[in-house]
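**Student:** Could you slot chain B with the ligands onto chain A? The hints should help.
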Amino acid sequence: MSDRSMAGEAPAPRAHAVAHQFDDAAQQHEAGLLGMWTFLVTEILFFGGMFAGYTVYRSLYPNAFRAGSHAMNLQIGSINTAVLILSSLTMALAVHASQTGRKKPLVAYLSVTMLFGLIFLGFKAIEWTAEFREHHVPGPHFSFGGPDPVHSQIFFSFYFAMTGMHALHMVIGLGLMTFLLITARQGRYGPEYHAPVVVGGLYWHFVDIVWIFLYPLLYLIGARK
Amino acid sequence: MSVALAQPERPDYLNDGYGIKSWLLTRDHKRIALLYLASITLFFVLGGIFALIIRLELLTPAGDLVTSQTYNKLFTMHGVIMVFFFLIPSIPAVLGNFLIPLMVGARDLAFPRLNLLSWYVYVVGGVFTLTAAITGGVDTGWTFYTPYSSTYSNTHVVLTVVGVFITGFSSILTGLNFIVTIHKMRAPGLSWFRLPLFVWSMYATSMIFILGTPVLAISLVLVGLERIFRIGIFDPHIGGDPLLFQHLFWFYSHPAVYIMILPSMGVVSEIITCFSRKRAFGYNFIAFSSVAIAVLGFLVWGHHMFVSGQSVAAGVIFSGLSFLVAIPSAIKVFNWTATLYKGSVSYQTPMLYAFGFIGLFTIGGLTGLFLATLGVDVHVHDTYFIIAHFHYIMVGGAVMGYLGGIHFWWPKISGRMYPEWWGRVAAVVVFLGFNLTFFPQFILGYLGMPRRYHAYPPEFQVLNVMSTAGASILGIGYLLPLVYLTWSMRYGPKASANPWAAKGLEWETTSPPPTENFLETPIVTEEAYAYAAPGATHV
Ligand code: HEM
Ligand SMILES: [Cu+2]
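If you read the sequences in order, they're chains A and B.
Under this note's numbering, think of the first position of the first sequence as 843, with each following residue one higher.
Under this note's numbering, think of the first position of the second sequence as 275, with each following residue one higher.
Treat the hints with caution; some may be incorrect.
Among the chain A residues that face chain B by a calculated CB cut under 7 Å, a handful are [as the list claims (entries may be wrong)]:
| hint | residue |
| --- | --- |
| 1 | 863 |
| 2 | 872 |
| 3 | 876 |
| 4 | 883 |
| 5 | 887 |
| 6 | 888 |
| 7 | 891 |
| 8 | 892 |
| 9 | 992 |
| 10 | 993 |
| 11 | 995 |
| 12 | 996 |
Derived CB-CB ranges, DEER-like [stated by the list, open to error]:
| hint | chain 1 | residue 1 | chain 2 | residue 2 | range |
| --- | --- | --- | --- | --- | --- |
| 13 | A | 927 | B | 511 | 36 to 42 Å |
| 14 | A | 974 | B | 293 | 49 to 55 Å |
| 15 | A | 945 | B | 294 | 40 to 46 Å |
| 16 | A | 1062 | B | 296 | 54 to 60 Å |
| 17 | A | 974 | B | 316 | 41 to 47 Å |
| 18 | A | 1032 | B | 466 | 32 to 38 Å |
| 19 | A | 967 | B | 293 | 44 to 50 Å |
| 20 | B | 511 | A | 967 | 25 to 31 Å |
| 21 | A | 1020 | B | 428 | 37 to 43 Å |
| 22 | B | 339 | A | 1063 | 52 to 58 Å |
| 23 | A | 927 | B | 342 | 54 to 60 Å |
| 24 | A | 1018 | B | 591 | 39 to 45 Å |
| 25 | A | 901 | B | 511 | 19 to 25 Å |
Rather than coming from a laboratory, the hints here were simulated on the basis of the structure.
The C-beta atom is built at its ideal place from N, Cα and C for all residues, glycine as well.
Isolated chain A, as found in the complex:
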């Protein structure tokens, strides 16, 4: 967050610099956190639009949605849920490591978090390829058995829109993590300055939480016998 004024003065020192517009590090830290929380509110509403739509159609066509949910790959969904929960744990550990200024564990935890993220996306890709092969992708080639094949297409529309948006957020999260990883290796974070890791962690947890809602809605609603 170091921010040099364009008046051409010497660049501020890299580590725990306070940007020129802030009075002190505490104010800067609080501003960063409030900024991220506010941003996450916008994210909740962004996904909220889709959740609202999902809820409406789910109540209109319960059978179609149950059937669609049956066709999901429950194993992959469950594994992915576990993977994401683990990644939230390692992220929390990374935040802790940054606050206590332990560089090696910080780098390690960030790397593991990213690895989990990649595993998640890998499984997602496998899943999507399978749906594609079975013509579950909405559009002219859509085909699906079940009690209400026509309306099942709406279920799959939501499935792809929601998991697609979520995956996009994961990709952005991985970008953030890469940035944190590079700067962590440079030794930027310590007890006085760790806001980027905390803020990045908030984002990562948020993306996990969205999945925690997607998993039951998409995979579990068609309660299996």
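**Tutor:** Just chain B with the ligands now, with coordinates in the frame of chain A:
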């Protein structure tokens, strides 16, 4: 200009670096505000040109100037540009950016880089939408109603929608920056209830940015996905519901009309207190009514859907809730009037715009009550009555406030005074031109002339000619400030730090302010608007 190399006597934000790069890479909120000012003005001119062609087409009953296809594209581009690229960003991005750090006594917004990013995002969104316009246009109307937009229209819907989606992020980033700045960066002594009312209105506006824009974003994403991949959430063929889109769209777009009007209300509060030299009557009421408008605004979207096929119960509920929004708006008008009462009022240009605002907003607001009445709305739905109503609010209200604000803070922004006589002339021309343009449209709509048609029965012609004549006058009224403000940047007399003898931290620093805003952090010791005007002291 030959002396430009000489050391300026006093460094300010304008002469802190001259090259193009020093502007395009700046992180100074004041310079970013000017970048916005330039690009938003450009869009206003573009949207205005579209409006003028629309009005020229409607000069005669026959559809002889442009084809109906072209006409559809014209009003769509006019609406899209005016709403998303002019009205929504206008006051927040220009005046808000410039003033909020000054008004709260901070050196900059909390996230200067994010602020610069938001301008670039705005420009990229604009490029997308303009590309769509140049390569063929869109004919869906600025509301992008499904299933027409998602399935049937064969114009550049995706490109336009992407442009609007992208600019949405610029609003979100601006709102986020404002909220954090107002919360965390106020100068010592500047408690919430000492904030200028403009800051309160910006705070409420930012709340709508944060809570509304993402919902618009997701509905546009779904329209885009539906067009590209045929996923069909709004497609009635597979049981999808076009009404869902309308619900999502208006959940944002009704509050968005308050994005357009709340900032102007903030500006008007500043101008009225200054030019009547009085404390704001009922400061707390004005402040809280901004927040109340923001909150209530989220509950009334269904009044755009009375004839859409939503249930009667929903219609009645939305009708009732809509009346509630009138209360905080009326509180504001009442409080401004009470502030004026026994003030020592002076009629400078910004004040003329503020009066114009109050008058036109009141008419727009009252006709809004007609529309909130279920039965009346069914009669005037999609007629020129609607067009007149929202132009009274959006153009009569929002643009008046914007122009008033630009004039009020022009000395601070540019360091120069504008020619007062021309300022007053322009304000009067705008007011007269505006009423001649849009008042006849109330009558036209009431008589049944539908909107969005490029031809009409001959009996409507007289009123249409009046409207077109008014539009030309209005156009001149808008051109005047463009000319003399540009002129004043170079030739206007130098402005003092506080030419209006106004209260507020922004007037305590030089005009134009130095890059760091204040040479030392200001400390606030009194309420906002501690005016004590001679002749008004007895109140
Ligand atoms: C010279 C001034 C203006 C004139 C003559 C004018 C004229 C018009 C006309 C004739 C329409 C109706 C199109 C239809 O049949 O639906 C229209 C629509 C609209 N105008 Fe303006 N306008 C002017 C200024 C503005 C400004 C300054 C704004 C916003 C800042 C604005 C925002 C809109 C919007 C949002 C619509 C709705 C478009 C739609 O129905 O899709 N207008 N305008
Ligand atoms: Cu509305």
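**Student:** Are there hints from earlier that the structure breaks, and if so, what are their numbers?
**Tutor:** Per hint list: zero violations.
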